[in-house]
Amino acid sequence: MKVSLFITCLCDVIYPDVGKDVVEVLERLGCEVDFPAGQTCCGQPAYNSGYRREAVKAAKPMIEAFADSDYVVAPSGSCAAVIHEYEKWFPGEPVWQAKARQLAAKTYEFTQFLVDVLKVTDIGARYKARAAYHTSCHMTRLLGVKEAPLKLLEHVEGLELVPISNAYDCCGFGGTFAVKMAAISTAMADEKISHVEAAKADVLIGSDGGCLMHLKGRIDRLGQPVEVKHIAQVLNGR
Amino acid sequence: MPMKIEGGPFKARVEEALHNDFMRGAVRRAQDGLRGRKLAATNEDRDFEDWEAWRQAGEAVRRHTIENLDYYLEQLSENVEARGGHVFFAATAEEATAYIRQVVKAKDAKRIIKSKSMVTEEISLNAALEADGCEVVETDLGEYILQLDDHEPPSHLVAPAVHKNQAQIRELYAKKIGYTATEKPEEITAHTRKVLRETFLHADIGITGCNFAVAETGTVTLLTNEGNADLATSLPKTQISVMGMERLVPTWEDLDILVSLLSRSAVGQRLATYVTALTPGREEGSVDGPEDFHLVIVDAGRSKALGTEFQDVLHCIRCGACINVCPVYRHIGGHAYGSIYQGPIGAVLSPILGDSDAFKTLPFASSLCGACTEACPVGIPLHEQLVAHRRAIVEDHGEAPWFEKLAMRGFGAAAAKPERFARAGGTVRLAKPLARAWTAEREFPAPARTTFRKWFEERKGAGR
Ligand code: SF4
Numbered sequence: 001m002k003v004s005l006f007i008t009c010l011c012d013v014i015y016p017d018v019g020k021d022v023v024e025v026l027e028r029l030g031c032e033v034d035f036p037a038g039q040t041c042c043g044q045p046a047y048n049s050g051y052r053r054e055a056v057k058a059a060k061p062m063i064e065a066f067a068d069s070d071y072v073v074a075p076s077g078s079c080a081a082v083i084h085e086y087e088k089w090f091p092g093e094p095v096w097q098a099k100a101r102q103l104a105a106k107t108y109e110f111t112q113f114l115v116d117v118l119k120v121t122d123i124g125a126r127y128k129a130r131a132a133y134h135t136s137c138h139m140t141r142l143l144g145v146k147e148a149p150l151k152l153l154e155h156v157e158g159l160e161l162v163p164i165s166n167a168y169d170c171c172g173f174g175g176t177f178a179v180k181m182a183a184i185s186t187a188m189a190d191e192k193i194s195h196v197e198a199a200k201a202d203v204l205i206g207s208d209g210g211c212l213m214h215l216k217g218r219i220d221r222l223g224q225p226v227e228v229k230h231i232a233q234v235l236n237g238r
Numbered sequence: 001m002p003m004k005i006e007g008g009p010f011k012a013r014v015e016e017a018l019h020n021d022f023m024r025g026a027v028r029r030a031q032d033g034l035r036g037r038k039l040a041a042t043n044e045d046r047d048f049e050d051w052e053a054w055r056q057a058g059e060a061v062r063r064h065t066i067e068n069l070d071y072y073l074e075q076l077s078e079n080v081e082a083r084g085g086h087v088f089f090a091a092t093a094e095e096a097t098a099y100i101r102q103v104v105k106a107k108d109a110k111r112i113i114k115s116k117s118m119v120t121e122e123i124s125l126n127a128a129l130e131a132d133g134c135e136v137v138e139t140d141l142g143e144y145i146l147q148l149d150d151h152e153p154p155s156h157l158v159a160p161a162v163h164k165n166q167a168q169i170r171e172l173y174a175k176k177i178g179y180t181a182t183e184k185p186e187e188i189t190a191h192t193r194k195v196l197r198e199t200f201l202h203a204d205i206g207i208t209g210c211n212f213a214v215a216e217t218g219t220v221t222l223l224t225n226e227g228n229a230d231l232a233t234s235l236p237k238t239q240i241s242v243m244g245m246e247r248l249v250p251t252w253e254d255l256d257i258l259v260s261l262l263s264r265s266a267v268g269q270r271l272a273t274y275v276t277a278l279t280p281g282r283e284e285g286s287v288d289g290p291e292d293f294h295l296v297i298v299d300a301g302r303s304k305a306l307g308t309e310f311q312d313v314l315h316c317i318r319c320g321a322c323i324n325v326c327p328v329y330r331h332i333g334g335h336a337y338g339s340i341y342q343g344p345i346g347a348v349l350s351p352i353l354g355d356s357d358a359f360k361t362l363p364f365a366s367s368l369c370g371a372c373t374e375a376c377p378v379g380i381p382l383h384e385q386l387v388a389h390r391r392a393i394v395e396d397h398g399e400a401p402w403f404e405k406l407a408m409r410g411f412g413a414a415a416a417k418p419e420r421f422a423r424a425g426g427t428v429r430l431a432k433p434l435a436r437a438w439t440a441e442r443e444f445p446a447p448a449r450t451t452f453r454k455w456f457e458e459r460k461g462a463g464r
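So the sequences go chain by chain: A and B. Heads up: the first sequence at position 85 corresponds to 85 in this note's numbering, and the numbers run straight through without jumps. Heads up: the second sequence at position 97 corresponds to 97 in this note's numbering, and the numbers run straight through without jumps.
One chain only, chain A, in its complex shape (with noise of 0.2 Å):
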C-alpha cells in the first residue's frame, strides 16, 4: 500500500524523531511511504486567526501535492481534521471545492490509519511505562476518531494506561490563543498536568505536536518528572 506523509510544519522542524517513528511504523506494516515534497503548511494557524486568504494560500498547494496519492498520513490528529475542513475554505469555488473533497476523503490521522485503513491494532510495540493519554480536542471532536489510539496503546506490552479526570477537556494549547491569551491557556495546561500528576504517570502520551510541546514546555518549567510523548514514539517501542 502507497501512503504520503503529511507531516505537519511542527514535526517537520521541531519533532523530526516523531515522523521518523511514523515512517518505521508504516513501512513495517507493509506501506510504502513517500513525501510529497510540495507540501507545506495547512494553514490552520492563519485561519484560526481569521487571515482566511493566508490560509487558502496554503491549502492550494497542499491539495496540489497530495493529488496523486492514494492516502494521505499526518502525525497531528488537528492538521489532518483541518484538511477535511478545507471544502468550507473555498466558498463559490466549485472546482476547488471538489479538489478538496478529494484529499479529505483519502486523509487520515496516523492511528486512525493504522486501525480503520490497516485494520491493525496490535503492532508488536513494547514500551514500559505507566502511561496517561491526552485526546486532542480537534482529533476527537473535529475528526471524531477517539478509539484508535486507545486501541493502539491498550496492545503495548509493558504499557500501563491509567484514565485522567476531566480527561476530554482540552489542555489549552489552541494555536496561536497559547501565544494571545497566554495566562489563559497555561491555567488550562495547569489543570490537565495537575490531573496527569493525580494519576501518577510517568508518561503523558498525545498524538498531535501542538498539545504535546504546550504540555511539556509547561511540565519543563514547573519542573515535573512527567515525559510527553508522541504516540508514534510508543509504537514504535521494540
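The set of hints was computed from the structure by calculation and includes no laboratory data. Any given hint could be a false lead.
To spell it out: a stretch of chain B is covered by chain A in this simulated footprint if at least three of its residues, at any positions, have a beta carbon under 8 Å from a beta carbon of chain A; those stretches are [said to hold, decoys possible]: (1) 358-370; (2) 399-411; (3) 444-451.
Within a straight-line C-alpha distance of at most 25 Å, the following computed DSS-like cross-link-like pairs (lysine-lysine) qualify [what the hints assert, rightly or not]: (4) K88(A) / K417(B); (5) K88(A) / K405(B); (6) K106(A) / K119(A); (7) K200(A) / K146(A); (8) K60(A) / K2(A); (9) K99(A) / K20(A); (10) K176(B) / K194(B); (11) K184(B) / K180(A); (12) K454(B) / K229(A); (13) K237(B) / K4(B); (14) K405(B) / K2(A); (15) K229(A) / K119(A); (16) K200(A) / K229(A); (17) K304(B) / K88(A); (18) K128(A) / K20(A); (19) K107(B) / K237(B); (20) K99(A) / K60(A); (21) K11(B) / K164(B); (22) K184(B) / K60(A); (23) K417(B) / K106(A); (24) K405(B) / K180(A); (25) K454(B) / K60(A); (26) K99(A) / K417(B); (27) K184(B) / K194(B); (28) K164(B) / K194(B); (29) K119(A) / K2(A); (30) K151(A) / K99(A); (31) K88(A) / K360(B); (32) K194(B) / K110(B); (33) K360(B) / K180(A); (34) K4(B) / K180(A); (35) K60(A) / K417(B); (36) K184(B) / K4(B); (37) K229(A) / K128(A); (38) K88(A) / K119(A); (39) K20(A) / K454(B); (40) K151(A) / K128(A).
Ideal placement from N, C-alpha and C gives every residue a C-beta, glycine not left out.
With chain A held as given, fit chain B with the ligand onto it using these hints.
Only chain B with the ligand this time, still in chain A's reference frame:
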C-alpha cells in the same frame, strides 16, 4: 452600552480572575456538577434515548423559525392582540425601556416584581425603573442575591450567582437584610421565600422574560425551578413580558422539543419544575392572572445577524450548556467577559448585539476546542462562529496587531511556494516573532538539528 459590565479591559479582568482562587474553585465545582447532570440526562436517560435525533429536531425547529421570523412574529402578535394583550416591537433597548416605563407610569405603579430575564438585563430595565422611583425586586434566588449585592451583574446565563459560595451569601444577607440564621442553603432559601412572599402580595406589576413564545396561540412560556414566575404573573393585575425577538416557536409541538432540550441542557433535569404558559385574556370566573398584558419584543441588534454568516446564533435557547463545558470560562469565570452574556455564546453574541470595542477581544478568548459546539442542544457551530468573528475583525476591520499581520503575510507568501516554505523552516520559524508570550510561562523546544524533510530526502531507504 447596557450589555457591557463595568471594569477594565479584558486582559486585566483575566489577570484578576486567574488570581481569584476562590471564584475559580466555585466555578469549577459548579461546572463539573452541571455538565455531569446534563450528560446523565442526555446520554444515559432511557426516556430520551436518541439525544442526537432530538438535537437535530431542535435545530430544525430553530432554523425554520429564524428563517421565517417575520411570519411567526406577526402570527404571535396577532394572537396576543386578538386576546386583548398589547404588543410592542422595540427596535432598541431605549425604545423597550421607554415603553415599559410608560406602562408603569400609566398604572401609577411603585412596586414591581420580576422573574429572571436576561433580556431585561440587556436593556438595563431595573435601573431605568428605579430611576423613576419604583422598587424593583428580583424573585429568582440567584438574581435576588445579586440584586442585594449592589446589583452585581450575572456571571452565568442560567445560574447568575454561580461564583458565590454559601458563606458569602450569608454574610451578604446579614449585612443587607439583617439575616441571623446559618449559611445552610435551606435556611437561606426559607428566609428568601419569606421576604419575597410579602413582596409578591403587594406588587403592582409583574415583569417576566420569556423562554419561548408560541406563535400559534399567542402564549408566553416560562421555565423556572422556584415557581417564582407563577407568582409574578398570577398576583399583580398588570403583567409585562419582555422577549428577545428570536425567542419564539411556531407550535406547541415545537415547544415540546425545545423545552425538553432546554431543561436537560441547562441543569440536567428532564423537565423544569415549573413550566408556566400565559395566554392573555383572563377567563370568566378566573380568580387570578393579570387583567392587563403587555408583550415587549426586543430587537436591540438581533436583526443585524439576519441574513449574515452569524444568523445561526439566533438559534440559541440560552441554556448555558456551552458555558458549562467551556474550559476558558472554567478558569476566568463569567465577569471576566465584561458582558452579561458569558462563555462561548457570550463571545459570539456580544460583538453582534453590542458594538463595544471591548467585545472584539472575546472571539479570541477560545482555544477552539469545540466543546461548546458539541454541547449545544440546537447545533450552533460555536467554534466556527468564533473563527468567523476573527476573520471579520482581521479582514473586514483590519484590527490586528501589525507584527501579527506581517507574520501572517509572510506565512501566506511562503506557504504558497513550497521551496520558499521549506527554506524558511516552516510555520514554526515564521511564527518566531509571536513566540515571546510563549516563553514567559513555558519552555520552547529547541528545533531539531535537521528537519524531517531533509532526513527523508537523504535517507533513500538506508535507515536513520
Ligand atoms: S449557544 Fe447553544 S449551548 Fe450555548 S446557550 Fe445557546 S443554545 Fe445553549
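Taking the hints in turn, this is what the structure says about them:
Interface restraint, the region 358-370 of chain B with chain A: holds (7 residues with C-beta to C-beta distance below 8 Å; minimum three). With a cut-off of 8 Å between beta carbons, the region 399-411 of chain B has 5 residues touching chain A; three or more are needed, and the interface restraint holds. For the region 444-451 of chain B, the assignment as covered by chain A holds, since 6 residues bring a beta-carbon within under 8 Å of that chain's beta-carbons and 3 suffice. Proposed proximity of K88(A) and K417(B) is supported: the alpha carbons are some 22 Å apart, at most 25 Å.
The suggested pairing of K88(A) with K405(B) holds, with an alpha-carbon distance near 23 Å, which does not exceed 25 Å. For the suggested pair K106(A) and K119(A), the alpha carbons sit about 16 Å apart, so the restraint of at most 25 Å is met. Of the pairs offered as hints, the one joining K200(A) and K146(A) holds, with about 23 Å between alpha carbons and a cut-off of 25 Å not exceeded. A C-alpha spacing of about 23 Å is found between K60(A) and K2(A), which places the hinted pair at or below 25 Å, so the restraint holds.
A threshold of 25 Å between alpha carbons decides the hint, and for K99(A) with K20(A) the separation of about 29 Å lies outside it, so the pair is violated. For a cut-off of 25 Å, the pair hint linking K176(B) to K194(B) stands: about 15 Å separates their Cα positions. For the given pair, K184(B) sits about 42 Å from K180(A) by alpha-carbon distance, which is inconsistent with the 25 Å threshold. With a C-alpha separation of about 22 Å, the suggested pairing of K454(B) with K229(A) holds against the 25 Å cut-off.
Note on K237(B) and K4(B): the hinted pairing is violated, with a Cα-Cα distance of about 33 Å set against a maximum of 25 Å. With a C-alpha separation of about 39 Å, the suggested pair K405(B) and K2(A) falls outside the 25 Å cut-off, and the hint is violated. A hinted pair counts as satisfied when its Cα atoms are at most 25 Å apart, and K229(A) with K119(A) qualifies at roughly 23 Å. Between the alpha carbons of K200(A) and K229(A) the distance comes to roughly 16 Å, so the proposed pair stays at or under 25 Å and holds.
Of the pairs offered as hints, the one joining K304(B) and K88(A) holds, with about 23 Å between alpha carbons and a cut-off of 25 Å not exceeded. For the proposed pair K128(A) and K20(A), the alpha carbon gap of about 20 Å is at most 25 Å, so the pair holds. At roughly 10 Å between alpha-carbon atoms, K107(B) and K237(B) fall within 25 Å of each other, so this suggested pair holds. Restraint check: the Cα-Cα separation between K99(A) and K60(A) comes to about 9 Å, which is no more than 25 Å; the hinted pair holds.
A distance of roughly 22 Å separates the Cα atoms of K11(B) and K164(B); the hinted pair therefore holds under the 25 Å criterion. As the CA atoms of K184(B) and K60(A) are separated by approximately 62 Å, the hinted pair breaks the 25 Å bound. Only pairs whose Cα atoms come within 25 Å are accepted, and K417(B) paired with K106(A) is accepted, the gap being roughly 23 Å. At roughly 14 Å between alpha-carbon atoms, K405(B) and K180(A) fall within 25 Å of each other, so this suggested pair holds.
For the suggested pair K454(B) and K60(A), the alpha carbons sit about 23 Å apart, so the restraint of at most 25 Å is met. A threshold of 25 Å between alpha carbons decides the hint, and for K99(A) with K417(B) the separation of about 19 Å falls inside it, so the pair holds. Distance restraint check for K184(B) and K194(B): the Cα-Cα separation of roughly 16 Å lies within the 25 Å cut-off, and the hinted pair is therefore satisfied. Simply put, K164(B) and K194(B) have alpha-carbon atoms about 22 Å apart, close enough for the 25 Å limit, and the pair holds.
For the proposed pair K119(A) and K2(A), the alpha carbon gap of about 15 Å is at most 25 Å, so the pair holds. Distance restraint check for K151(A) and K99(A): the Cα-Cα separation of roughly 32 Å exceeds the 25 Å cut-off, and the hinted pair is therefore not satisfied. Between the alpha carbons of K88(A) and K360(B) the distance comes to roughly 24 Å, so the proposed pair stays at or under 25 Å and holds. For the hint pairing K194(B) with K110(B), the CA-to-CA distance comes to about 21 Å; that is within 25 Å, so the pair holds.
Restraint check for K360(B) and K180(A): the C-alpha separation of about 14 Å stays at or below 25 Å, so the hint holds. Distance hint between K4(B) and K180(A) is fulfilled; the C-alpha atoms sit about 22 Å from each other, no more than 25 Å. Straight-line distance between C-alpha atoms of K60(A) and K417(B) comes to about 10 Å, which keeps the hinted pair within the 25 Å bound. For the hint pairing K184(B) with K4(B), the CA-to-CA distance comes to about 33 Å; that exceeds 25 Å, so the pair is violated.
Among the hinted pairs, K229(A) with K128(A) is consistent with the structure: their alpha-carbon atoms are about 13 Å apart, no more than 25 Å. The suggested pairing of K88(A) with K119(A) is violated, with an alpha-carbon distance near 30 Å, which exceeds 25 Å. Restraint check for K20(A) and K454(B): the C-alpha separation of about 11 Å stays at or below 25 Å, so the hint holds. Our distance criterion of 25 Å between C-alpha atoms is met by K151(A) and K128(A), whose separation comes to about 17 Å.
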